[in-house]
Every structure is written in C-alpha cells, then in structure tokens.
Amino acid sequence: MPCLTVNGVEIELDDDGFMIDPDLWNEDVARALASSEGISKLKEDHWKVVGFLRDYFKQYHLAPMVRKLCQETGCSLRYIYELFPSGPAQGACKLAGLPKPTGCV
Amino acid sequence: MPEYNGMVQPVRATPQELSKIFVEAVPDEQKPEKAVEYLDSIRKKFRSFVMAMESCVKCGQCAENCHTYLGTRDPNNIPANRTELIRKIYRRYFTLEGRWFGKLVGAEDISLDVLEQWYSYFYQCSQCRRCAHVCPFGIDTCEVTFIGRQILHWLGIAPKLHATTAGGMYKTGNHMTLPKPGIIDTLEFLAEEVVDIYGAEIEFPVDKPDSDILYIPSSADFSLNEYTLMGAGLFFNYIGANWTIPSTVTEAGNFGFLFDQYHTQRSNVNKLLDAAHELGIKKIVWGECGHGWRAAKMYIPSLADRPVRWPITHIHDEIADLIRKGELKIDPAKNYQPVTLHDPCNYVRACGLNDNMRTIINAVTSDFREMTPNGADNFCCGGGSGILFDDPEMYQRRIQLSQKKADQVRATGIGKDGNGILCAPCSICKAQLYPMVEEHELGVEVKGLVDLVGKALVWK
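Protein sequence lines, in the order shown, are assigned to chains A and B. Going by the working numbering, 5 is the number at position 5 of the first sequence; the sequence numbering is gapless. Going by the working numbering, 208 is the number at position 208 of the second sequence; the sequence numbering is gapless.
Think of the hints as simulated: they come from the structure by calculation, not from any bench. There could be a bad hint or two in this list.
Simulated crosslink set (DSS-like; lysine-lysine; CA at most 27 Å straight-line) [claimed, not checked]:
1. Lys68(A) with Lys283(B)
2. Lys20(B) with Lys100(A)
3. Lys283(B) with Lys180(B)
4. Lys271(B) with Lys100(A)
5. Lys88(B) with Lys68(A)
6. Lys68(A) with Lys455(B)
7. Lys58(B) with Lys68(A)
8. Lys68(A) with Lys171(B)
9. Lys283(B) with Lys58(A)
10. Lys100(A) with Lys58(B)
11. Lys58(B) with Lys88(B)
12. Lys58(A) with Lys171(B)
13. Lys48(A) with Lys180(B)
14. Lys20(B) with Lys58(A)
15. Lys455(B) with Lys100(A)
Between the sequences and the hints, there should be enough to build the whole structure, so can you do that?
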C-alpha cells in the first residue's frame, strides 16, 4: 500500500493515490498530493474548489455533481481541468481527500 | 499490476474490497485446481458454453468484426482465440482426446499463467456480442467471457473498478455510493437548473409511496450525465406521470451481470423487487444504461426469488410510444446540430431497442445522420462491460479499443464544424466516450437520447 509522510504523519493511499482515511486530511497533505499530481503550487482557485468539495462531502458523504461544483465555485469545467489536469474526480477530489469515485465515470 | 508477462491487466481489487462483495480469495497454490473444479460445475449447467467449446471451427469470421482485435491487432483478442484460452483447459480436462493426447490436440494444463491470460483478455472483451452476431455457428463468445470472469471472481481475481462498484451497490444501493441526502440535494439542484435552462417547473419525487412509475436512473446521471436526469424529469413531468425515484435502488446498472452473475447480480435484482414492493408501484421504467437494461429485461424474470408483478419497460419505449401516438409536442429545431447515434450494444443486440431509438431521434433532432454500420451491426464504444480502467496502461488500451468507433463517427462528418452531437444513450458508453472524443479529436459533444428529448419538448 503506497504511503505519504506529511509532517511526520503517515498517510495511507490506495493504488490510485487517493487517501484511505479522509479525516487525516489537512492543507499540507493537499500540497503533498498536489505535487504527486504534477501541480507545483496551489493557488486561491485550487483552494476554493478543494474547500467546496470538502464541505459538500462532510455534509452529504459524496462528491457533488460536476455541474454543481462548477456553479458553486464559479469555475468552468475547462478551467477546472486547467487547475487539476486529471479532472474533477481524479484530480480535485483526490486533493480534497475524497475517496475515488466508483461506477461509470 | 498493470502488466504481467507483457499482457495488460486492470488494477486488482484488494482482499478487503473483495470481502465487501462476499468473496474470499483462493490461495495461489490452490487456484489452478479450483479453476478446473469451477469450470466443471459451470460447463454442466450451460449448453451455450459447451457449444462454444465444442463447435468453433476457427473460420475467422469473428476477427475483423471485433473492435478489440481491430484496435489492438493482438491475436489473442480475436474472439475465437480468446475463447481458446479457456477451450484449451476444457479440452485437457473434459475431453477424451485432450486427456490422452494433450498438446497434440491443443490441450493445456491449467496453471497460474493461464489464469493471468484469462484476466488480461477477458477484461479486454467488452461482452458486446458482435462476434456472436456474425458467427455462422451462432456461438456467443460473450457467454464465455461471462464464465471466464465468473471463475476468476470466485478465485479472488477481479478488477478494482468492478469490485468497488459492485460494493457500492451493497453499501448504498447504487454504484456511486450516493446516500439519500445527497440524492435529494442533487435532484433539488437539478430542479432549479431546469427552471433556468428550460423555463419549466418540475419535481423529482424520491421514495414517494403509491407512485405509478418507479424510475430507475443510472447513478452516473447524478455525477456526469445531468442532462439525462433532467431529460427524464422533464419527460415524466410533461406527461403528468405519478412517478418516483427509489433511494434504495438508485441504479440502473448491475455490475454483477458483468463479472458475478451468481451472487452480486441476483442480490441486486431482489433489492429492486423489494423497493418496488415497498413503494407500491405499478410499473418499473428503466433509465439509460446498456448492460443494466439487458440485465433487467432479460435476467430479472429468471433471477428473481419471487413472481415479478410489475411490467418493466425502458424509458425509450415509453417516449417512442407517445411519439408514435402523437401525444408529445416536439420541436426538433431545438436540436439543430448535426447528430449521429451510437447504438449501445446491449440495446440493439440483446433488447430490441433499435427502432424505438430511431423513432425518438428522428422526432427530436433536425439533422440526424446514421453512422455505418449501425443498429444491430454497430461497433462497441470500447468501454462495454465496464472496462473503463483509468490507470495509464489500460487507459491507452481504451484509446485503441475506441478507434473503430472514432473512425465511424468521423466518417459521418458531424464533427466537421466542431458542433456535432454524438448521442450515446448508455452510462458506460458516455463514460468511455467523454474522454475518447477528445483523444480522437472528433469535434463532437456526447449526449444521451433522453437529453435531446428534454430539450425538444414544447411546454404548453
């Protein structure tokens, strides 16, 4: 099982690099996950997307519909791909510490 | 493990993930022996399988008709050869000539290497049945893939994607693990969107008792295919239906059908029937999901643990029926862009939806162009049977598997001006084609068929 060590804490990841335990998430973990995704620096818009994903997940225990994510953050899907090159699920959800989506996506 | 001895393979489910779908992996040293034992029990039950084992004369008709072979040019992806991966074992253990003459007659001892071959090639077959459609002997190679995957699953070898998706169904009643509050929040959001986009006020009732229609959407519609869900909502509200979506089975798909027909598929069926009973409905209407519709239409009657009291139809049947009766007011000019239809394999080669899809698309669009071949002769999108793997090696393979589809779409010319619509009314097709139309630079947007209906309806 792959692991990430952030500030001395071992963070377990699944084979696709998603966090096993979302409760261990913090901003430093997001930065470490970002570099594994090839994102060198997290800008304000990155944090806006990640923040919305985390708040939504805390409330509803799922990732929001992509359309809702775009509306609530004011980011177009194209812009989200610019921010997170692997896309909303593989990129943004991973950085926000959400589990990898299952099903036909 | 994306590769084994040069063969691509999907990432595997962990023992924990398998345990959630009630499988305990067989230890490696026992796997070969158990595989033969499982094969023996299955061959005694399925004449279709025995026919595939005994009748193939290797005429080669299937080769050029398989998009997987056309995209990869790997000889083991020729359906007759893929079947041979299991036939050589069948021959060795269950035929006289194989037991006596072994390799001389193409028989081979079972081994872990053989099982690794099965895992690679039975998960490159998309169970699309185009080979069965053209086989002069009527051999249905899809049945062989079903059985290959089933045996692998019992041994504890299944893709992570399939196992976790099936696990979502046990956990929450849908593949995407949507809990009820999330389902309701998403539907409320979509109702607001419908007002903004279509100027129509509609409702998406959830778990409403004594509804006439139980609508089973694909859970992927709650994530990526929002226009399909809005289209269904628009349609049901337009006709004034007393309908509801069940929160316990918010899933048109049934991944059990693809790799575990004994336990996962059957338990999903009975979960649906429980929901239908509890909500006191009169009819079940299925959403856009290819494999799920075949699993529902063709397998529910035989897998159900009770008499099935409700008619089960597809939303395309419902829409086409009302179009033919002239009961929907439709403006096809609202979908003026050039559009082509990708026929989901399970709809046209297993469920007879061919005509109804065309009744609808001809009514709701103004520039429809058939791709060639189409209907029952159509090629798979390359994602069929859930081979939507996204690790880098398998993703590259998906691009190859969609090559034939890309060629077909390009030949229609719909993407020439960059505003074409590729209508693909199935969640697996959509999930495969969203990235693939970009990879192949087709200049089209992928949509469902119900999406186009929703847009074309004229409200009084």
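Against the structure, the hints:
no.: 1; hint: Lys68(A) with Lys283(B); verdict: 31 Å, violated
no.: 2; hint: Lys20(B) with Lys100(A); verdict: 16 Å, holds
no.: 3; hint: Lys283(B) with Lys180(B); verdict: 22 Å, holds
no.: 4; hint: Lys271(B) with Lys100(A); verdict: 25 Å, holds
no.: 5; hint: Lys88(B) with Lys68(A); verdict: 52 Å, violated
no.: 6; hint: Lys68(A) with Lys455(B); verdict: 20 Å, holds
no.: 7; hint: Lys58(B) with Lys68(A); verdict: 52 Å, violated
no.: 8; hint: Lys68(A) with Lys171(B); verdict: 24 Å, holds
no.: 9; hint: Lys283(B) with Lys58(A); verdict: 36 Å, violated
no.: 10; hint: Lys100(A) with Lys58(B); verdict: 42 Å, violated
no.: 11; hint: Lys58(B) with Lys88(B); verdict: 14 Å, holds
no.: 12; hint: Lys58(A) with Lys171(B); verdict: 18 Å, holds
no.: 13; hint: Lys48(A) with Lys180(B); verdict: 26 Å, holds
no.: 14; hint: Lys20(B) with Lys58(A); verdict: 23 Å, holds
no.: 15; hint: Lys455(B) with Lys100(A); verdict: 32 Å, violated
In summary, the numbered hints that this structure violates are 1, 5, 7, 9, 10, 15.
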